[in-house]
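Trainee: Chain by chain, the residues:
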Amino acid sequence: MTKKIEHTHPYIPNSVLEVRQEMLRDIGFENIQEILNTIPKKLRLNRSLNLPDPLPSEFDLKKHVSEILSKNKSCTEYLNFLGAGCWQHHVPAVVDEIAHRSEFVTAYAGNTYSDLGKWQTFFEFQSMMGELLEMDAVSLPTFDWGTAASFAIRMASRMNIKKEVLIPKIISPGRLSIIKNFCNTGSLSGNIDIKLIDYDPETGLIDLQDLENKLSSNTSSVYIENPSYLGTIESQGDEIARLTHNNGAELIVGIDPISLGLLTPPINYGGDIVCGEIQPLGIHMNYGGGVGGFIATRDEPRYIAEYPTHLVSITDTIDGGFGFGYCTHDRTLYAVREEGKDFTGTTVGLWTIAAAVYMALLGPNGIKEIGHTIIKRSHYAEKILSEINGIETLFSPYFFKEFVVNFDSSGKTVNDVNKFLLDHKIFGGKEIVKDFPELGQSSLYCVTEIHNQEDITRLAETLNQAIK
Amino acid sequence: MTKKIEHTHPYIPNSVLEVRQEMLRDIGFENIQEILNTIPKKLRLNRSLNLPDPLPSEFDLKKHVSEILSKNKSCTEYLNFLGAGCWQHHVPAVVDEIAHRSEFVTAYAGNTYSDLGKWQTFFEFQSMMGELLEMDAVSLPTFDWGTAASFAIRMASRMNIKKEVLIPKIISPGRLSIIKNFCNTGSLSGNIDIKLIDYDPETGLIDLQDLENKLSSNTSSVYIENPSYLGTIESQGDEIARLTHNNGAELIVGIDPISLGLLTPPINYGGDIVCGEIQPLGIHMNYGGGVGGFIATRDEPRYIAEYPTHLVSITDTIDGGFGFGYCTHDRTLYAVREEGKDFTGTTVGLWTIAAAVYMALLGPNGIKEIGHTIIKRSHYAEKILSEINGIETLFSPYFFKEFVVNFDSSGKTVNDVNKFLLDHKIFGGKEIVKDFPELGQSSLYCVTEIHNQEDITRLAETLNQAIK
Amino acid sequence: MRKYHAPVWNEPIIMEMGHKGERGIAIPFIEEDIQKSTKDAKFYIPNKMIRKSPPNIPEISQPHILRHYLRLSQQTLGMALNIDLGMGTCTMKHSPLINEELVKSPYFAEIHPLQDENTTQGILEIIYKFNRYICEISGMDEFTFQPGGGALGIFTNACLIRKYHEMNNDLPERNEIITTLFSHPADAACPATAGFKIITLYPNSETGLPDIEALKAAVSKHTAGLMITNPEDTGIFNPMIDEFVKIIHEAGGLCAYDQANSNALFGITRAKEAGFDMCHFNIHKAFSSPHGCMGPACGAVGVRKELTEFLPVPIVTFDGSKYHLDNDRPNSIGKMREFMGNIETILRAYSWIMSMGPDGLRTVAETSIININYLIKKLTKIRGVTLAYPKQNIRLDQARFSLKELKDETSVGTDDVARRIVDFGVQEYFTSHHPWIVQEPFLPEPCETYSKEDIDYWAEIIRYTCEEARTNPETVKTAPHNQTIKKINTKALNDPNQWALTWRAYIKKKGKSKQEHLSP
Amino acid sequence: MRKYHAPVWNEPIIMEMGHKGERGIAIPFIEEDIQKSTKDAKFYIPNKMIRKSPPNIPEISQPHILRHYLRLSQQTLGMALNIDLGMGTCTMKHSPLINEELVKSPYFAEIHPLQDENTTQGILEIIYKFNRYICEISGMDEFTFQPGGGALGIFTNACLIRKYHEMNNDLPERNEIITTLFSHPADAACPATAGFKIITLYPNSETGLPDIEALKAAVSKHTAGLMITNPEDTGIFNPMIDEFVKIIHEAGGLCAYDQANSNALFGITRAKEAGFDMCHFNIHKAFSSPHGCMGPACGAVGVRKELTEFLPVPIVTFDGSKYHLDNDRPNSIGKMREFMGNIETILRAYSWIMSMGPDGLRTVAETSIININYLIKKLTKIRGVTLAYPKQNIRLDQARFSLKELKDETSVGTDDVARRIVDFGVQEYFTSHHPWIVQEPFLPEPCETYSKEDIDYWAEIIRYTCEEARTNPETVKTAPHNQTIKKINTKALNDPNQWALTWRAYIKKKGKSKQEHLSP
Ligand SMILES: Cc1ncc(COP(=O)(O)O)c(C=O)c1O
Ligand SMILES: Cc1ncc(COP(=O)(O)O)c(C=O)c1O
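Chains as they are written, first to last, in this note's numbering: chain A, 1 to 468; chain B, 1 to 468; chain C, 1 to 520; chain D, 1 to 520.
Just chain A, with the same shape it has in the complex:
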């Protein structure tokens, strides 16, 4: 076809001129300008938008965007050891099939009757998470782990009307920043002070003494992570819980659910509110867009009352079947605006569906086996890296999926090393030098079920060259 501004756009049925005219006439206007005149002139844009000429042809558009995208290097071509809150796991094809079903992709806030499938899938997500966590109340996810942790901390603060949270220093700075935005209202109302707790630089464990020192009658909650941001497994959960509870505070635990085939869920060592990240459960990294945060508690009205997020409950239909609806919807902004518990909104529905399908695919054996594969492969990697002259690995032996690699004795910076790796088509671990200066030239490596022996060997060999 020849290039002309096509009046009819494939996405806009009523862009057909005759139809527009007919509809305009029906509503009593000669032309669109007459309508627009109802907007004051000074508020109107008196020129065309200065945007590129369109590519109405789908082929041209696809070519244009694909060519830009192909400037990226993906983790399918490069060997990737970055994790740090967004992890490369295998996404089963069945998950993709379901998460790409047009029905799910294009549904939204539809209710009980028209979107039953969505509601049931959400309930199944909550139910399977409940089993992983051994907890009876699980909410629909929120934006990410950081938001989930923030909401959990605010829930605790509303419950016990205290205004301080203790957080270990061994936390993702990004996540901490989010928590600050949510908790530190500064001199405005509702501020929750954040106090950081030391960790043992040998083991990554929380410094119980420091915790005990900082716990007080002001403490609303203690927030820990397990595994921690640096991959370490916290074994003092029961002790932390005891101290926390003795102070009348809530223990909040953030976790990576893919560890739960091997690691005991926080409720078993005293976690009151559990939150964490669902991205490992069958969601592509999507340049970080794959994240989503869950929150879970015991099924007690005092907890339920404080959730800001949607809670899907099963209920009966008049003919004895199952149906679903929102539990205690009156908590939310939708019912009571600023009186609602914090806020919720459009979050990560499609990822919730993906995670449900993923959990169903894994089952109890799969979740255990994937934990095994991850822990064995990551410890194998840690082992062979630690054998390289100039490399030290920290926090061994208690870590899951991620571990810290230190290059101090090699004289190289993480930057140097990562540049070298990049030239060899490897994304090295996340540099943590600025965030954890106490750990020197260190880097956080992530090894999952997708890294086979060959990959790990290739990493070791390339690192070996890198630090020469």
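Mixed in with the good hints there might be a few duds.
Claimed, not checked - Below, computed lysine-lysine pairings styled on PhoX-like, alpha-carbon distance capped at 20 Å:
no., chain 1, residue 1, chain 2, residue 2
1, B, K383, A, K71
2, B, K63, D, K272
3, C, K42, A, K383
4, A, K42, C, K104
5, B, K42, D, K272
6, D, K246, C, K3
7, C, K104, B, K63
8, D, K36, B, K383
9, D, K246, B, K42
10, C, K272, A, K41
11, B, K71, D, K104
Read the hints as simulated data drawn from the structure, not as lab findings.
Based on these hints, arrange chains B, C and D with the ligands on the given structure of chain A.
Mentor: Coordinates of chains B, C and D with the ligands only, in the frame set by chain A:
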């Protein structure tokens, strides 16, 4: 997990040992061997199959197969000018969405009631093809253009009980080979002789004199193509039809339906049976797996009676709605075995669906516009190639989408040229030296709506170097 | 009316499916070498931290999991399947499939957010350029796409306002955010979460617009800012919006424009001309990124030059040849969400804008305006349906109606009608946000991807149902009838002894499931 | 029984949709340069060949096309959605989604079949290796994957037999192909198309097996070959199959084994041990490539070493480092289908075999055998259902049943039951190929991807329906009731004045459509 032959396979629910045992007991056996013993020992394989160890893990499997596949070079990375019966067109995303719907992908021979959507889509395919062709009867597609042409020739032969078909030499040798397998039963019953008609080496047009000479009372049908295998447009259709009909024979015309926005359908110049290839209508090349052949005629019982393929008819339901079923099913092998008209079977259902969606997306304007884009771009390519010293283009100006490029005066072989192009990430045209020796060192180039000016310029520049 | 019936599969809860020993997928095995040269897993886990009993999730083979979720998907009435124009404030528009193809590309889906920027030049280019385009669309100077939804975008704006006043040492004095009742509830709830006191202006009962006099009365030295939607959830454009802004500015506050639903505004009116300091767009609405059963989403936040220093980090910059991630912004509020946000929505929106161009975008806006006013024409002819607020006023993208007359006449209210229309294959409509000061409200939004016939048909469903409310009210009240399930018991949802958020809770509260156990 | 209702969208025929001026997609525009430096399109088309009036296909915007076909897809009961075990001879098994991902890869989907073999080493490797695996599975020496379906595979075998005798100068004398009534109809129709006379052996009414004495009587110097399915469409394995082969061989004929449905045979019994010269497999059945609403498919044809010279070209060869396309085979029968065939099916089958390994394949076979015999146990307990032929015999993959008793008792026959069971969300079962010498037949095949519960439930549907045939026969006879449409008028399908294969024909024959024109 550790490697052990997992007894339970994700695809096989009843591979669970306990379930198998229970079912075996239910049917009165101790173990599976007892059942297998009912097959005589000498017929049984007394060893394990000698096949590679499995990759039960989906991730490992995907990695394994993807690594092999990535040894291919695709037409998305390379610039492709190969056509010759399988053409690179843009496949709209909506087509892919529909053609990948699990419902369509996994349905089969289901009937009127459970598979209504499939039936309706098939009817819509036939209906839209009918409009493109201006013909009232269209069948479900068969395997490919070659089979469709073969069936058309056999239909004609059954109708007029004559045993000779005339075919122009300007035909794909592959297609001709298929026709031979279907028509040349040799000394067995039902043989249809194939006589080849000359074409004009200047224009690609059929040699009417030769046609007239070879037409006789034995001639059952004349089969021509428009555009021809070499892209030429046959303008003598009406004359050919007149000669054919005067001899009491049927005129069969094979076409590329994507030309029908510009080219008049064969019925307008006397085509009786029309066949051709649906692959251009929204079907990926799939290494040649994307092809499918259609057949169409007037809606006359004598034609209908001779179709070997399925014909979907619309009909009414008892409550006044629409339904669908097979028209004159008793023609087919399914009803009457060897008494059926040739045979049909599983053919290209999913491609039929894709083609239906594609035609609906294009509409009457799109089909015309795509024709325009193709003819202008291919003639532009022909023009700038013809301006290169050492290159001649044949059959200008009447061709559509494909044209012949001759390298005789350059002193290079097509082989040399294509090798050079390949080194520059271009798939040059199909070599036709062996198949059309009369055309010298020639090659068939295909230019579609996906080739923009930049692509064509790149081809011309690279060719220029190639023949230096 | 067309005959319709929803698919009814009557699927069990997945917790009741499958059989011990079945599995849905196999996990990569551990190589012998690794097996041997590492210790037993329990060596790497502190004893107390070892899970004792496996989680009680079901064991199901792959074909059955696939079947279950395919069936559940069919039982979900996505926009792509229906005339989804009843969902006001949601802009349920066609999400082009080509954009879905693009986000599935490994060049996007398999990118780690922490990759070296040299290896993400493609996606950075998309983000950067889209940032320029959306700046042009709004008149703002810089955007962040980090907020993963509209509400988080609004919260971000609240944090920016907080930061601004903090930097000016104006906190805690400036602790009040003014909003309007017909602004989205997030415009009240999010600043409240950020620590602000909320003052809500009520609509004038004639015009439906917030009263400028009330605003004047509300501002003070405590005013931190205004967070306002326009058009509000009535579809009525506030023509004095610039006056509102001026009043707030004069009081020392900042103004945040909630443009979540900007579908009727493209190329017509912008935040800049109205004087706003900041705004947000819902990329998952007007910009065509699909809604995905409630996300992933993006509340893109844009600000005037003076406020860019406060935006979350990182910001994508361009030095003329390369794109960079700028993290070095000392006055930034930091992170609102991990990494860069849901960039999949930006990739789609970029592609959508490129398919539209300036004229196309304007056609989007104009068509939404024509569509809603055409629908108003149709609906107001129906006995029982009234348009809230002035009849003569044009609506821009949506309109609030009332079924009070119908309710008074028939006792059938808006909840009943919403539940009945699903029997005709359309999504339940959105009644309205609370409180319902327009009684028995409903709020359709026929955006540009619906045809005239779609609108006619949808209006016909409303007409039919209103008629039925008179002739056969019980049918409406007991609806739905042709849907996947029948009416539910809603009381249980708020009763601690009955609600159940997980299957394990349900089992505890009710004993074993009442459904027959028929797993297929 | 679980409550079920099919989706009912009541979609119009697409020919009635849309509106003049709408469009579903835009086509790449022609660059100005090209526009200028070429002539008008009509210059390149001989005058007589220019189309005068545009084709009368509808004009529809993209969202509506998408919606229409999504709805039609929902109205299609694919295997993935239901317990599709009623479709005997079809092996309706789970098609793993991972394989669908692989065929969508541009490294497959965007490969041109004529590319230089150096650029298709990946797919050639898959073809070559799969060829070796399927040779091992069958005992044959070389395969072609060119035939695009089972019937075309059988036709290929017929052409190979023809070629073989032609090379031996045995034509036209050897002009008879012997088959059996319970072999697939293609085993009769395809050799007939190839020019052969067909001799059909009927089953022994006791054993259900073809009579070896009849075979002996049938062979002669005219015998060109045997084309036989085993197990036939009864599921009964012919234990004398090697004797059959011997008799044909002694008469100078070749033997082609129809192993389209080989699901119960993997690792258990092979064409080679039975002495066959050639065989074919339906890759779209036992090898898990999905059925795709009737294709794309593959009838993989394998032959003994002596016959490989006749196979279609090209054949993929391997020189130890590279794969090649061997076209230089002077005695080849040439092409059965354009290019290489539907290699997408081979790619999936390769992946499927790799996921299974030898033990997995054997589990497939064993499970199919257990499943069918378990189903027989269930079904034969139902009053009105009988198993055709010896009760005590094991069936391998499927079994033929008869509802003659039910029909005699209730006048409800197999067609009625087939039409009724769709009301319970399962696919209509396959009755049987014609002629129905087993009266009122049906032919289920519960392959390995169904669970015990699936089989129980399916048997329960049959039991329920048979019971209903007695208590409420009209319900069965007027079925379906919960499906997308009601019973159709089948007479029209064979009446030239009523059938309509296109909308244009329908309009001509019936005048304008009777459906209300409601496009949404
Ligand atoms: C005007 C307005 N603001 C904010 C929001 C909140 O957006 P989200 O649902 O993405 O949190 C909405 C969503 O409906 C809206 O319409
Ligand atoms: C035994 C047998 N042979 C041949 C065929 C024909 O296969 P297709 O449908 O692929 O042509 C079938 C298909 O049902 C079959 O079961």
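Trainee: Next, verify each hint and record whether it holds.
Mentor: Here's how the hints hold up against the structure:
1. K383/B <-> K71/A: Outside the cut-off at roughly 34 Å; violated.
2. K63/B <-> K272/D: 34 Å, violated
3. K42/C <-> K383/A: 16 Å, holds
4. K42/A <-> K104/C: It is violated: about 43 Å lies between the C-alpha atoms, which goes past 20 Å.
5. K42/B <-> K272/D: Holds, because 11 Å separates the two Cα atoms, which is no more than 20 Å.
6. K246/D <-> K3/C: 62 Å, violated
7. K104/C <-> K63/B: 18 Å, holds
8. K36/D <-> K383/B: 12 Å, holds
9. K246/D <-> K42/B: 14 Å, holds
10. K272/C <-> K41/A: Holds, at about 14 Å.
11. K71/B <-> K104/D: 16 Å, holds
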